[in-house]
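Residue numbers (the working numbering), protein chains in the order written: chain A, 1 to 349; chain B, 1 to 293; chain C, 1 to 325; chain D, 1 to 502.
Check before you lean on any hint, since a few could be wrong.
[Stated by the list, open to error] Here are some, though not all, of the chain C residues that point toward chain D, as calculated from beta-carbon distances under 7 Å:
| id | residue |
| --- | --- |
| 1 | Gly29 |
| 2 | Trp190 |
| 3 | Arg192 |
| 4 | Ser206 |
| 5 | Leu209 |
| 6 | Ser216 |
| 7 | Leu266 |
| 8 | Val270 |
| 9 | Pro274 |
| 10 | Gly294 |
| 11 | Thr295 |
| 12 | Leu296 |
[Said to hold, decoys possible] Not close to chain D: a few residues of chain A, all C-beta gaps over 12 Å, as computed:
| id | residue |
| --- | --- |
| 13 | Phe40 |
| 14 | Gly56 |
| 15 | Asp156 |
| 16 | Gln164 |
| 17 | Gly177 |
| 18 | Phe180 |
| 19 | Leu203 |
| 20 | Ser325 |
Simulated from the structure, these hints should not be mistaken for lab results. Only a predicted model underlies this, so the values are computations on that prediction, with no experimental measurement involved. Just so it is clear, CB atoms sit at the ideal spot from N, CA and C, and this is done for glycine as well.
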Amino acid sequence: MIVDLLLWPALAALLWVNRRRPLLWPLVALALLLLFNRLFTPGFFALEIRDGRLYGTLVDVLNQGSKVMLLALGMTLVIATGGVDLSVGATMAIAGAVMARLAGVSIPVALGGGLGVALLAGAWNGLLVSAFRIQPIIATLILMVAGRGVAQLVTDGQIINFEQPALVYLGNGSLLGLPFTLALVLGMFVLTALLVRRTALGLFIEAIGDNETAARFTGLPARPVKFLVYVFAGLCAGLAGLVAASNIKSADANHIGLYLELDAILAVVVGGTALTGGRFQLAGSLVGALLIQTLGTTLYARNVGADVATVPKAIVILAVCLLQSPVLRAKLAGLRRPAPAALRKEGAA
Amino acid sequence: AADKPVVGFSQIGAESAWRTANTDSIKGEAAKRGITLKFADAQQKQENQIKALRSFIAQNVDVIAFSPVVETGWEPVLREIKKAGIPVILTDRAVKVSDPSLFVTFVGSDFVEEGRRAGKWLVEKTKGQAVIAELVGTPGSAPAIDRKKGFEEAIAGQAGMKIIKSQSGDFTRAKGKEVMETFLKSPEGKSINVLYAHNDDMALGAIQAIEEAGLKPGTDIVIVSIDGVKGAFEAMVAGKLNCTVECNPLIGAQLFDLVADVVAGKTLPKRIAVEEGLYDQSQAAAALPSRQY
Amino acid sequence: MNLAKLRPSARLLPVLASLGVLILLYAGGCLMFENFGSLRVLINLFGDNAFLGVAAVGATFVILSGGIDLSVGAVVAFTGVLIASLIGHGQPPLLAIGLALGFGAGFGALMGALIHLYALPPFLVTLGGMFLARGLAFVVHPESLSIDHPFYGEFISQTLSVPVSRRLAIPFTAFALIAVVLAGTALARWSRFGRNVLALGSSESSARLMGVPIGSTKILVYTLGGFLSALGGVVATFYMQSGNPASFVGLELDAIAAAVIGGTLLRGGVGYIPGTLVGVLILGLIQTLVIFQGTLNSWWTRIAVGGLLFVFIVLQQLTSRRRDG
Amino acid sequence: MSAPVLVCRGLTKRFPGVVALDGVDFCARGGEVHALMGENGAGKSTLIKALTGVHPRDAGEAEVDGRPVHPRSPREAEAAGISTVYQEVNLIPDLSVAENICLGRQRTRLGFIRWGDARTRARAALARLGLELDVDRTLSECSIAIQQLVAIARATDIDARVLILDEPTSSLDAGEVAQLFTVVRRLRDRGLAIVFVSHFLDQVYALADRITVLRNGRLVGEFPVAELPRLQLVAHMMGRSVDEVEALRHRERPAAAPGEPLLSTRGLALRHAVLPLDLELRRGEVLGLGGLLGSGRTEVARLLFGLDRADAGETRLEGRPVTFHSPADAMRAGLALTPEDRKTQAILPNLTVRENLIVALQARRGLWKQIPRAEQDRLVADFTRALGIKTSGPEQLIRNLSGGNQQKVILARWLATEPRLLILDEPTRGIDVGAQADIERLLARLRDEGLAIVFICADTAELSRNSQRIAVLRDHAKVAELTGPDVNEQAVMRAIARETAA
Ligand SMILES: Nc1ncnc2c1ncn2[C@@H]1O[C@H](COP(=O)(O)OP(=O)(O)OP(=O)(O)O)[C@@H](O)[C@H]1O
Ligand SMILES: Nc1ncnc2c1ncn2[C@@H]1O[C@H](COP(=O)(O)OP(=O)(O)OP(=O)(O)O)[C@@H](O)[C@H]1O
Ligand SMILES: [Mg+2]
Ligand SMILES: [Mg+2]
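Kindly produce the complete structure, drawing on both the sequences and the hints.
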């Protein structure tokens with residue numbers, strides 16, 4: 001099949017290119033999961049063209065995964081500074097609700113309003129963390145609790161539907177036969193990558209996350225940078241919220257983004273960024289997000305009930321953890337060739 | 001205030017438009033009758049609800065009413081309420097208790113019956129021939145369990161009807177859509193010609209998935225769901241949904257009548273049903289303007 | 001030098017600030033609402049939050065060691081279902097409780113072992129643990145299940161509670177909470193294990209060089225966390241006489257929040273067990289205030305809880321801010 | 001001839017990219033102080049860590065009193081009779097002083113720790129080092145010198161056969177060192193084998209009986225102190241001939257032509273930290289800050305650099321009043337500070353040498369103007385060469401560098417910003433003789449290029465050797481300012497002592 005001809009060589013190439021990079025292990029896990037589906041989940045790789053767009057489970061993975069991928073981009077930077085943002089799910093709900101509320105006014109107002117409140121939410125978190133110096137997990141817990149309430153306040157507890165083609169396009173449209181959300185994710189990824197790698201922001205973030213005291217002694221603007229990453233995480237959450245609302249053509253304040261903060265954090269950590277801060281892997285986070293979505297879709301496709309679906313999910317998380325564990329890898333490497341220490345001892349005896 | 005009772009009401013949450021309508025109905029009715037209502041929202045958590053009930057005791061309310069999050073786990077708190085001499089009315093969902101004197105009465109829908117009616121309608125509509133996909137509610141929740149049970153009962157005798165896919169869509173649009181997508185893409189997906197959704201929201205999400213797959217909801221796939229929210233009526237008018245079994249949230253008036261009876265010391269039946277209908281496309285357009293939620 | 005004398009108590013400042021705000025909130029509630037000052041509300045505060053408090057003490061130990069435990073809520077739910085189902089199958093309650101506690105401890109030990117032996121991040125391992133325990137709970141029994149046994153019906157709620165008046169009794173769970181907090185305080189303050197936990201959380205590399213048994217301390221602290229989560233689950237079954245696999249979602253966040261509000265630093269190494277009790281009571285009090293207010297709908301409830309949390313944390317921050325190094 | 005207590009044979013330890021120890025033999029005898037010498041990165045600390053179970057060894061064995069020991073953790077090493085003070089303070093910052101001394105060895109009654117006993121023991125252990133302080137204080141609130149002493153107190157609190165001290169004196173002043181030596185000698189006379197690492201030759205010659213020299217992870221040789229002249233020792237360490245070393249040591253007297261004032265303070269003060277202080281810093285001049293530990297030198301540096309905000313007094317930069325609200329402000333004005341606590345205040349442990357080196361310059365250029373990679377690489381190459389930084393490459397993580405090399409990277413970090421005023425808080429701490437000479441020469445060169453320099457150093461000899469002017473602090477106040485011919489060791493000592501007597 002054509003998919004096989006394209007996908008596997010591409011994956012192999014990716015693995016090869018990243019063989020000495022932190023990206024390797026999440027990629028390996030993703031490849032294994034895909035391979036499992038190729039072999040055991042009928043129809044998972046079926047692709048066809050319908051209505052001028054690609055149609056199939058793999059496309060769904062990309063489309064559905066776009067929300068976590070967007071969240072993960074912002075979350076990566078937050079985690080790299082040594083923080084965490086629990087409020088992204090609630091921020092998604094607020095952004096979606098505001099967009100739906102303003103949908104009737106005009107498209108730019110709806111989009112701008114949604115993203116605007118998301119930026120405000122991020123700024124609020126940033127303020128609490130950088131100016132009030134509240135521990136991030138608690139600072140963002142406040143908005144996690146209250147944010148969904150704000151979203152419900154905006155929708156008045158109702159599910160608000162909208163039909164505006166532009167807004168519907170955001171989460172359901174296709175560009176060159178692929179979901180528009182994919183383009184959105186790639187665009188945000190490139191933008192983020194440029195922002196952190198073409199300016200000194202990446203270095204600043206990593207320095208602050210690695211040793212904040214030292215960063216301050218070195219004259220780094222620790223507080224502004226922290227503020228900024230939360231605002232950015234808010235923006236990403238806002239975009240994800242718009243996509244989520246657009247996906248179902250309505251704002252469901254109670255459910256949009258529910259528990260998605262956990263998936264986002266998971267994606268980041270699986271992707272190779274440590275929760276303690278410091279070095280971050282932007283691309284790794286995307287792979288992590290894809291891995292999580294693929295897993296979720298796999299479970300649906302294999303008809304595993306949502307209640308017990310957490311068991312295989314746990315097993316995959318732990319497996320990826322173990323794959324990344326330097327200790328286990330050292331042990332495996334030790335199995336392959338005899339330990340040098342052992343050789344030495346024999347020589348000495 | 002001596003003649004007007006103080007009522008404590010603990011609501012499950014605001015997880016759906018249905019629930020919000022339920023809340024509004026109760027609050028609105030209390031206001032209309034000038035009854036002091038102590039309202040507490042449990043955010044879908046039983047432990048919060050128990051806290052609220054115990055607070056109602058501390059606040060010396062005259063009557064306690066609540067929609068339990070789950071069916072079990074109420075014995076201790078209900079005993080405590082009984083000890084304090086406060087009558088309890090259950091709404092929407094029942095509880096399982098060994099001592100029936102722990103509550104006065106239960107007013108609400110019969111979820112099993114709802115499932116049964118959906119099933120019966122389907123048997124008639126499809127003449128006993130259907131390949132069914134089922135979108136289940138939140139795992140473990142009473143409506144999910146009962147609506148599944150009632151539906152299965154109703155189609156049990158039909159050899160030509162079988163459920164080939166059954167997955168939880170968590171009562172939400174987004175999950176309903178996502179799960180339907182995978183249903184349709186599975187190898188058996190092409191044969192699905194009926195969708196049974198435990199609530200309208202999941203059905204509305206699934207309709208989008210069906211449309212994106214290039215199929216016609218309501219025609220290629222017959223869709224029946226439960227609740228009867230406004231969105232479902234709109235979808236029926238548009239021909240995308242075939243039938244919805246009403247589950248009526250507007251119980252405010254009924255509830256406060258019962259409160260008055262309880263305060264007056266009348267004996268009440270243990271189980272009071274809510275008036276509910278079943279709507280298909282033919283009735284939808286007529287009913288739509290009168291839908292309040 | 002006089003400054004030096006003042007400083008040690010600076011560490012206690014967040015706890016004292018929390019306590020102050022707790023008292024303030026309580027007094028405020030008494031002024032605003034009728035019956036708020038009644039003994040029943042006070043007793044409820046302890047009894048209703050006992051399961052959270054017990055689990056939060058465990059979570060505090062884990063945080064003190066520099067780790068985190070996200071599996072708390074799921075383990076609480078799992079043990080509830082396990083006990084309910086065992087009793088449902090005719091097992092004696094004490095055996096069921098013992099098995100559940102054993103499971104919790106073993107589950108924690110397993111997570112601790114993975115974290116230590118393979119140098120895995122605690123966040124991921126315990127998140128895995130959370131998913132696993134949640135899923136297993138549904139495997140044991142997919143729905144909520146009530147416990148019908150005289151031990152639960154009579155013994156716990158009648159025999160073991162202390163009546164204050166004809167209508168009011170202090171529930172057994174409140175005593176369980178206080179006992180666990182006292183034991184936890186003693187363990188943290190007066191045992192070698194407790195001090196090793198703090199050392200580990202403050203600086204793992206130094207602790208290793210100073211001869212702290214890193215491995216066993218880490219594994220033990222997660223074992224303790226798992227055990228106390230399970231104990232929280234047991235307390236919850238006393239409270240609800242049922243087990244529900246879908247319950248206590250997000251309890252771990254409440255536990256972590258309670259610890260942090262009580263002056264525990266998330267980075268580890270600094271914190272007090274009694275502070276966690278204060279944190280738990282504050283979370284409980286916020287809820288009680290909202291319920292007594294009695295008109296807030298779902299979203300205003302959320303906003304109010306978030307807002308009170310915010311006010312509270314800022315107050316605590318302002319009263320305990322120190323010059324940082 | 002005393003009996004060997006600790007014997008190692010063929011110790012080998014490899015790290016990715018480096019062989020840190022290559023078949024080293026080592027033997028410490030009871031009743032002797034054995035100095036372990038070598039340049040930064042020679043493998044001294046690695047030897048100690050491989051011996052005490054911090055790092056698993058790749059090969060080699062060790063014995064204590066003839067019994068083979070193979071500790072897998074410092075705890076097991078301690079049980080085998082080896083007590084160690086590792087390089088850099090390795091204590092628990094959030095615990096009290098008393099607890100840090102007793103951790104893991106607390107006496108208990110019925111399972112409960114006896115806190116009173118712990119305090120008493122801690123006080124006793126500190127008293128042996130001539131130190132009297134509040135043992136309930138949290139460790140992180142104590143100055144780094146105090147922390148170092150606490151670590152030593154902890155190591156001497158137990159019965160051991162071997163006591164290993166890895167650069168214990170690097171942050172101590174003369175008085176503290178003397179006190180420490182008294183204790184060490186007493187322990188030695190009790191028959192302990194003592195292993196002592198230091199870059200201070202005077203201290204080594206004052207204390208040690210025997211010296212083992214390492215170079216690049218290899219054993220150069222073991223020598224009785226009496227048979228190893230200093231010059232020869234340095235030559236062994238550096239792997240050069242005695243003549244070459246002699247040439248290195250030659251140094252010109254400071255040229256005394258200070259330029260116009262750059263920064264001055266009037267009555268600058270911070271409650272509890274600095275009493276009103278007048279200072280004048282001139283271009284082309286090194287101002288030394290002298291004083292005992294805890295006299296407030298670090299506090300002055302923090303204040304000047306905007307890490308703390310003064311609550312009285314004023315600062316003038318080239319005559320114009322300035323206030324620095326943050327280090328960033330100070331940096332913009334051309335100030336630089338290398339802090340005294342490298343581990344917590346300076347290094348970004350998980351970032352590379354390159355990133356650590358350019359980070360201050362980048363901070364100064366701001367967020368948007370990223371330093372081009374080529375320029376970064378050039379900076380790293382230049383400074384690595386100029387300061388003799390030993391790395392396996394610019395992309396090595398700084399945490400894997402030896403302590404002395406980390407210090408050089410931090411120095412380079414600040415030199416790269418081309419500051420006008422450089423504040424050096426104990427810059428030569430933990431730096432080997434060769435590098436120390438390098439740094440001192442660099443200091444002179446920078447001064448000649450017109451930099452104003454504030455030099456804080458616990459070693460009065462080094463201080464007076466490198467300063468044109470010395471301000472002596474005591475109890476957080478300036479008590480004397482020495483200029484011209486008064487800039488010498490005796491004068492500094494006198495200034496401190498005079499005030500003490502008063
Ligand atoms: N954990 C590690 N990983 C990789 N390399 C290391 C590690 N620890 C030390 N090294 C390397 O091993 C070599 C020896 O370092 P070591 O710390 O033993 O030197 P040292 O003699 O103690 O120097 P100093 O006087 O500066 O303290 C150095 O090249 C250092 O970079
Ligand atoms: N012997 C001591 N007992 C108690 N506190 C001390 C002692 N020595 C220093 N301190 C405290 O440590 C803090 C740090 O002092 P500071 O670092 O400014 O001194 P310093 O002159 O730089 O000494 P150091 O040689 O330690 O760098 C001061 O607040 C001081 O009060
Ligand atoms: Mg060293
Ligand atoms: Mg100092």
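Now for the hints, and whether the structure bears them out:
no. : hint   : in the structure
1   : Gly29  : violated (35 Å)
2   : Trp190 : holds (4 Å)
3   : Arg192 : holds (6 Å)
4   : Ser206 : holds (4 Å)
5   : Leu209 : holds (4 Å)
6   : Ser216 : violated (10 Å)
7   : Leu266 : violated (13 Å)
8   : Val270 : holds (5 Å)
9   : Pro274 : violated (17 Å)
10  : Gly294 : violated (44 Å)
11  : Thr295 : violated (45 Å)
12  : Leu296 : violated (41 Å)
13  : Phe40  : holds (39 Å)
14  : Gly56  : holds (41 Å)
15  : Asp156 : holds (42 Å)
16  : Gln164 : holds (37 Å)
17  : Gly177 : holds (37 Å)
18  : Phe180 : holds (31 Å)
19  : Leu203 : violated (6 Å)
20  : Ser325 : holds (17 Å)
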